[in-house]
Structure formats: structure tokens, C-alpha cells
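K.L.:
One-letter residues, chain by chain:
There are 2 protein chains.
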Amino acid sequence: MEWKQQLRGYTDLMNQYLDGLFVNEKAPNKTVVEAMKYSLFAGGKRLRPVLMMAAYELFGKDLPEVLPYAAAIEMIHTYSLIHDDLPAMDNDDFRRGKLTNHKVFGEGIAILAGDGLLNYAYEVMLRDALSKADSKRYIQATYEVATASGINGMIGGQTVDLESENKTISADLLEYIHLNKTAAIITASLKAGAIIGGAQEADCKRMEAIGNSLGLAFQIQDDILDIVGDQAKLGKKIGSDEEKHKSTYPSLYGLEASYNKVRELTEAICNNLAFYGEGGLFLKVLSSYLMERES
Amino acid sequence: MEWKQQLRGYTDLMNQYLDGLFVNEKAPNKTVVEAMKYSLFAGGKRLRPVLMMAAYELFGKDLPEVLPYAAAIEMIHTYSLIHDDLPAMDNDDFRRGKLTNHKVFGEGIAILAGDGLLNYAYEVMLRDALSKADSKRYIQATYEVATASGINGMIGGQTVDLESENKTISADLLEYIHLNKTAAIITASLKAGAIIGGAQEADCKRMEAIGNSLGLAFQIQDDILDIVGDQAKLGKKIGSDEEKHKSTYPSLYGLEASYNKVRELTEAICNNLAFYGEGGLFLKVLSSYLMERES
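Going line by line, the protein sequences match chains S and P. Taking the numbering used here, the leading residue of the first sequence gets -19, the next gets one more, and so forth. Taking the numbering used here, the leading residue of the second sequence gets -19, the next gets one more, and so forth.
Heads up, a few of these hints could be off.
If several chains are the same, the list does not tell them apart, and a pair holds so long as it fits within one copy or across any two.
Unchecked claim - The calculated lysine-lysine pairs, modelled on BS3-like cross-linking and capped at a C-alpha distance of 30 Å, are: (1) Lys10 <-> Lys185; (2) Lys116 <-> Lys41; (3) Lys264 <-> Lys83; (4) Lys264 <-> Lys(-16); (5) Lys17 <-> Lys147.
The set of hints was computed from the structure by calculation and includes no laboratory data. Every value quoted in this text rests on a predicted model; they were computed, and no experiment measured them.
My request is simple: use the sequences and hints to build the entire structure.
P.N.:
If you want it as C-alpha cells, here you go:
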């Protein structure tokens, strides 16, 4: 399967680049660096960087130029998981079959490791943007990432998610959580890749539509797996949403409607990608694959 | 006293600008915004923004252009205090005479409020940089702020500080903590202001020297006040360093040597500022004032 080779190519490139970002381990700050690396290399699928790279290649021709931004979005995603797993938030001991950051390094270092990853993401993007003769589209991409990660994006979604534990919430509020907590940085990945590749406004709008559908479908699929998934494959225990009395798409609409919604969103993604013909094939196959995943 | 009017002018401008950054309070994310504002408007002295504005005015003529960056450094400073106060870190219930963020909003929201302030700082800087025809020096300033705030700056210092509780540490390590946890973003304030104002390389080097001396002196003075200060004036209880068996300049060298060190550093600051003649007067008086402060 050629697309799996392409996926492997993207993830290998990303892992290599991420590895090169940490070289300073004898310094007095080595503990926080070690904690950051622990979570950054804990078996993440590199989905967001892959989306950014694939979106870039719809428009641009020099893939390495997108790597600092792809690395940054992965660091931001990872920091959000570290902070989300803390006892004061979701209080999870395991993620991807490994102990969570605070279980290994303690809560204080885990908080700092999250802060460190978030801040380092900006350092990496800004350092790259500064090195360019014309930095405009790099700054535009960095700003896309920033707004998607902030209080009107991911952090906003995390806030409402945290406040919604043990409550039945409205469908509107659930959509706010999904669109902001999950879809926002998926959308930003696609948009930032497209912007760096030189995409025009209309393409960015299309990336936004694809990202929102993909993010929503991805989250619903996550919630489905929390009910019907296999713990061994997931690397974490299932049933945690129900245990926390969390409203999810399946809990509000039922499993059948959830499957249908995922299918419907996947079709919308494919329709939008059809615009790019052959070029859109990788993202199309990847989207379908994500919706059939078991972990 | 004219310099106090100037100081008041800077802080009023800053408070007004910060106020204008939060207008969205009916949105679902209102809790995290409220928590961010709680700490941002909890009576901070706005020292870092004031330093940035004063450094800007050594070189530039349009003070408002520095405000997004001055606001950002204050948000980064505030986020670091919120996270530092958490039970897993310093475990402080009061700051500036008010309950700390997590005592009011709970730990989960306090973590998110810190994350939100850090991320919003970048959003505000990037949005401004994007609006400029030539964004180079704004990106340079943003990058200064970013490196000073990260694992090779403030977060590095916080990490070593956290690891040093209940330990006697070497003088070198103590200097690492002070230079990174405290001095780095003070230096970045001066440098970023100078860069946006159009300063040249030699001036930036001078700002760096001033910032490091000022940060170190400021931290030693803080540690002195934790021993001899007045709780009512400080708005927090004294003796907390000793209680936590924290190595400080006074604990390693004694009070007398600490006073001398502060004096010596203040002289170095004044010597460097002498280069700017009349223009450097405000920063000179401010530095001396900070070293004689009681809170």
C-alpha cells in the first residue's frame, strides 16, 4: 500500500526532526527536557504533523520547510495531553500504554514539561521565521497555530470540557468542546501547511472545512472507541467517559447515530478533497483509515 | 517627583491596554478568561512592561507600538506565578495579599489559565507583527521573549528551583536559578523594547548586561525581604524560603554580603545607563528605587 509508505515517510521525517531539537541534556535544566522528551516520544501517531505535511504538499515543493511548524504542532498537542492527564484535570495514570508524565516525573515537573513544550513550540517556529528573507507566510502559519491553541481554540475547549464533567450538556456545548478541544489544532495543521506551501484564500477555506469535519469525526470516533474499543489495542482503559459522567456524542445521540455522523463527515471530507484530484488522495485514504481505526 | 509620574504614565497605559485584550466574556470559555484576568489584575507592579517601555523610549518615538509586547511579557510573568503557586510547585495560598488563582478557581482552571496566558501572549505579539509591512524587528522581539521564557530561560530556572527545595545547592546553581528564573525575562523586556525601538547590536548587549544585573539584584532583594520584610507590606508571609529549606543568596552568603551584592549590582546598572545620559535617568532611578523597596 503506497499511502502507508507515504505515511511512514512523513512520520520518520518528523521523528528525526523532533529528535534534533533536543541536544542539551547535560545542562542544569535536564530534568524538564527529559520529561518533555518522555511524552514527545511516547508513541504518538504524529497525526497533526502528517496532516500539515500532506496539506503542504498539495501546494508546496520543498517539504522540509514545513518541519519546524509540524514539530511545533506536535509539541503543542503533547503539552495539552500532559496537562490534561494531571490529577486536577482528567487524572489519568496511563496513556498509550505508558505511565503518564506526572506519574513518572511528579506533578511539578509535569506542569513545567507542558509549559516547556508549549513555549518551545513558539521558539522553534519563530527561529525559523526569523531565518527567512520574507517571513510573512511563516508568521501567518505561526499565528494560525497560536489562535487554534489558545482560549478561543483548544484551551477554550479544555475549559468547557473540564466544567462539563458530571453534567449532561447541550448538543451545542458538546459541539463547542469538540470543535475547539480537538478540531481547532487539526484544522490549524492543515491550514498552516497550506499557507506555508503557498495556498490562496479559497484553499485555506477548504482546509478549514476539511479540518473541522476531520476533527469532529476523529473525536466522535474516539468517544465510540471509549465504549466499544479494545483496551489492549487502545493502551488505556475504556469506559472512562461514562465513569466521569461525561457527555459525548454517543451518550447524547446513541452509538448508531454516532457511526452515521462519522460516515457523513468522512464523505464531506472526501468531497472537499476531490477538488485536488490525485493530489488529495493521501488525505482521503488517511481520513477513511482514521475513521476505521481501533486505537 | 517627575519619575513617579512617568512610572504612573507607563503603568496606566499598560493597564488600559491589557484591559482591552479581554472583551469576550459571554463565550463558553468565560471561566478561563475570568481566571486569567483575576491574576492579571491582582495588583502587579507591571515592572517588566515598564522596563520594556522605558527601554523602547531610549531609541523609539512611538510608545504605543511596544504595548502588545509589553502586555505579552506581563501575561507570561503572570502565568509563571499562577503555575508556581500551585500545590505541586510552591503551594502558596496568597500572593500580593489576595488568594492565589487555584484557591479561587481550583487547580484545573488555574493550570488552564496559566496555559491560556502563555499562549495568548504569543497570539497578541504575532497578531501585531502580522499587521506590519516590515515585521522583522517585531519577530526578533517576540523571539527574545520566547527564548527568555523557555527551557533555556525561565522554565529552566523554575525546574532547577523546584529540584533544589530542601537542598543546599552550589553558588553556581543558585546563580543559574536567579539568572534564568528571574533575570531572563527582565533582560528580555529591556532587549525587546530596545529592538522594537530600533536599537543596534551594541545597545542590545548593553541592555543584556543591565537586565542580568537588575534581575539578579531584584531576586536577591526579594530573598532579603523574605527574611527582614514586613508581611503587611509584602502581602504574603515571610520566612517561606527558610521554611522550604531553600538556598538563597542570604542563606549562602549572609545578609551583609547580600546587601553589598545588591549595591554592587545597582552601581553596575547605573554605569551602563550613564551611556544614555539624560535618557537613562528614569531606568536609573527606577533601579535604585527597586533596591530600596519594601514590597
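K.L.:
The structure should be examined with respect to each hint, and the outcome stated for every one.
P.N.:
Consistency of the hints with the structure:
With identical chains, the CA atoms of Lys10 and Lys185 are at most 30 Å apart between copies only, with a shortest distance of 27 Å across copies and 42 Å within one. In this assembly of identical chains, Lys116 and Lys41 lie within 30 Å of each other by CA distance both inside one copy and across copies; the values are 18 Å within and 25 Å between. Neither within a single protomer nor between protomers do Lys264 and Lys83 lie at most 30 Å apart by alpha-carbon distance, with minima of 38 Å and 48 Å respectively. Proximity of Lys264 to Lys(-16) under the C-alpha cut-off of 30 Å is restricted to the intra-copy arrangement: shortest distance 13 Å within a copy versus 63 Å between copies.
For the homomeric pair Lys17 and Lys147, the shortest alpha-carbon distance between copies (26 Å) is at most 30 Å, but the shortest distance inside one copy (35 Å) is not.
Hint 3 from the earlier list is the only one contradicted by this structure; the remaining hints agree with it.
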